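K.L.:
Each chain, letter by letter, is given below.
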Amino acid sequence: MLSLRNVESGYGSLKVLRHLSLHVGRGEIVSIIGANGAGKTTLLKTIVGLLRARDGQILFEDRDIATTRTEAIVRAGCSLVPEGRQVFAPMSVHENLLLGASARFHRGARVRTNDDLDRVFALFPRLKERVDQLAGTLSGGEQQMLALGRALMARPKLILLDEPSMGLAPLVVKEIFVVIRRLRDEGSTVLLVEQNARAALKIANRGYVLENGRIILEAPAEALLANRDVERAYLGRDLDAEAAMDTGR
Amino acid sequence: MIYEPDKECMGKDTLAALQLEALQAVLARTYLHVPFYRKRFDESRIDPDEVRTLADLGRLPFTTREDLQANYPYGLFAVPLREVVRIHASTCMSVVVGYTRNDIKTWSDLMARVLVAGGVSKDDVVQIAFGYNLSTGGFGVHYGAERIGASVIPTSTGNTRRQLKIMRDFKTTALVATPSYAALLGRTLREQGTPLGALSLRVALLGGEPLTDSLRTEIQETLGVVATDNYGLSEVMGPGVAGECQERNGLHLNEDHFLVEVVDPVTLAPVAEGQSGELVLTTLSKEAFPVIRFRTRDLTRLLPGPCPCGRTTRRMARVERRSDDILIVRGMKVDPRRVGDIFAEIEGHLPAHQILVERAGAMDSLTLLVGVEESSGFDEVKKQQERLERLRRGFSSELGLTVAVRLVEQRSLDASQRVVDRRKS
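Protein chains in written order, with numbering that gives the first Met the number 0: chain L, 0 to 248; chain X, 0 to 424.
One chain only, chain L, in its complex shape:
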């Protein structure tokens, strides 16, 4: 579905992604894990064209989208749920969702959004309850649901998720991840960037470890969960300290 080959990207003179290659197969959840500053967000921004790749190929359904405008990429079926939700605070839940479908509007055409709204409300009943509430007054978890729902309104084939669990209570995180898995089960493809690597790998099929803008490991998700290097660096366990405690030092 998505295939990156030798993609380079960055900001000004700062090179963030170095000849990065990865792929996401249809129906997969692929998780990118890595420390702060490894290039995770840059990667997603580059895929949807918010940042331009300086080199390399980005193939979405076999079409090179490295120079395609963002609106066209969304229209082609690739949507980003940005870090920190970025919902439109002064607008209602309903209006936020309709904006998500904007890529499907074009002059003179009537777009039916009722089915899409129903689908979003089925996934997130809480949004239906708050449909006329202003987005800015929602809780963090609800805003994340709204951001995800807004992306779904564009009927994406591939959903890019940037840190969906950030700043959320564990219970809410669980709820969000259940929905992500459900989206996959219903046929969507997901590229998931997460600090919460353990939760991400638990629902993912495969994962990549990103370090300093380079992929240093690609493996099935369960193999990454079992990799002690990954465990120490990204899964938040200090094995050295644990070993010291085990031996009573």
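Among the clues, some could well be false.
[Stated by the list, open to error] Cut-off 27 angstroms, straight-line C-alpha distance, at most; resulting in silico cross-link-like pairs (BS3-like, lysine-lysine):
#1 X:K11 - L:K14
#2 X:K170 - X:K121
#3 X:K382 - L:K201
#4 L:K156 - L:K173
#5 L:K201 - X:K104
#6 L:K173 - L:K127
#7 X:K6 - X:K121
#8 L:K201 - L:K156
#9 L:K156 - L:K127
#10 X:K164 - X:K104
#11 L:K156 - X:K11
#12 X:K104 - X:K11
#13 X:K6 - L:K156
#14 L:K173 - L:K201
#15 X:K38 - X:K11
Just so you know, these hints were derived from the structure itself, not from any lab. Quick caveat: nothing in here was measured; it's all calculated off a predicted structure.
Chain X: place on chain L using the hints.
P.N.:
Chain X in isolation, oriented as in the chain L frame:
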């Protein structure tokens, strides 16, 4: 049957894309974690970031067995030792290799592929007559057979009579052994007068040493099996690198885990498509002990055309010889294959044997170690001495230098290593 059809029957482009991703990752990883590779790349002015296509692999330096030896024991491990759950070593102990938990899992999967290709299923009773020891053979096959769900009998090597008793009584359906040992089992069976009908044996998976056409025919006839060849080496993983399917037309390489090159052993340039040369392997998935462009010294070629079995992985010809096979002893060229032929001429069959080359002062010496069954009687001293003398004379005159011959217990002989050259260490 194909164990992992999605992996073994991939389209060419899909495979190439996966290989490039994995290659870039393994280069980044080794550059970061293994000083030897970092130094090598820096010295050759190769920035791993500049590897953008699979063809760029050709710009990287080779790694030789001597490099591995120079980093004895743990110098090339890419993870800290506490993440290593298994350590194996080459027969002469000069190369030490490690496996993480994930490496063991990969090994099991790849060996399962080879076993399934060789005709093994979960309904089989698999007798594994590879050594369960420091070498990789026994354990690798064992994991693969368990992964499939077959019933595994870990007989390990040696004790031919017991092996045959187990084979008959336990109703073994699949035998895993070196070709020479499988042939010995077949001959012993015939000597015992046991009819093939008394056995349940169906398939034999042979590895660890070269399998010739005549040896395969002999094994298939004396044991009543379909015999397939498989290939691997400790430095790269152990068994599981490649294996024949039922078509028996070359060994399918597990290309999603190993990048394969064939180069001219002298110029080190890639050979033309399908030409014979030295096999060079790069590991794509290994965590504990990755190798980059490892020169195997094994001579083979890549076979053209698709395989009727449906696997799309490329096939290599059976390895029949090695680029460093030819020994120079006191100025005389000694080809270990010729040694085998001479045995056949003198004794009418090929006993388990090992060629030992040593140096005392400036003088090289060549000793043939010939395996004898412990039960064949050390008491028949006169007979043994006559045999020794016959071999000594025969070999000395054929090879043109004085050859010492020693009879040793078959069990103490590691037939997988046909040549031990002690001059180098």
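K.L.:
If a hint holds in the structure, say so; if it does not, say that too.
P.N.:
For each hint, the structure was consulted:
1. Only pairs whose Cα atoms come within 27 angstroms are accepted, and X:K11 paired with L:K14 is rejected, the gap being roughly 32 angstroms.
2. The suggested pairing of X:K170 with X:K121 holds, with an alpha-carbon distance near 14 angstroms, which does not exceed 27 angstroms.
3. Our distance criterion of 27 angstroms between C-alpha atoms is broken by X:K382 and L:K201, whose separation comes to about 69 angstroms.
4. Only pairs whose Cα atoms come within 27 angstroms are accepted, and L:K156 paired with L:K173 is accepted, the gap being roughly 23 angstroms.
5. A threshold of 27 angstroms between alpha carbons decides the hint, and for L:K201 with X:K104 the separation of about 18 angstroms falls inside it, so the pair holds.
6. Between L:K173 and L:K127 the alpha-carbon distance is near 20 angstroms, which keeps this suggested pair within the 27 angstroms criterion.
7. Only pairs whose Cα atoms come within 27 angstroms are accepted, and X:K6 paired with X:K121 is accepted, the gap being roughly 20 angstroms.
8. Taking the CA atoms of L:K201 and L:K156, the gap is near 22 angstroms; set against the 27 angstroms cutoff, the hint holds.
9. Proximity of L:K156 to L:K127 is assessed by CA-CA distance (about 24 angstroms); at most 27 angstroms being required, the pair is judged to hold.
10. Annotation: proposed proximity of X:K164 to X:K104 is violated, straight-line Cα distance about 32 angstroms (limit 27 angstroms).
11. For the given pair, L:K156 sits about 25 angstroms from X:K11 by alpha-carbon distance, which is consistent with the 27 angstroms threshold.
12. A C-alpha spacing of about 25 angstroms is found between X:K104 and X:K11, which places the hinted pair at or below 27 angstroms, so the restraint holds.
13. Between X:K6 and L:K156 the alpha-carbon distance is near 24 angstroms, which keeps this suggested pair within the 27 angstroms criterion.
14. The suggested pairing of L:K173 with L:K201 holds, with an alpha-carbon distance near 11 angstroms, which does not exceed 27 angstroms.
15. This hinted pair does not check out: X:K38 and X:K11 have alpha carbons roughly 33 angstroms apart, beyond 27 angstroms.
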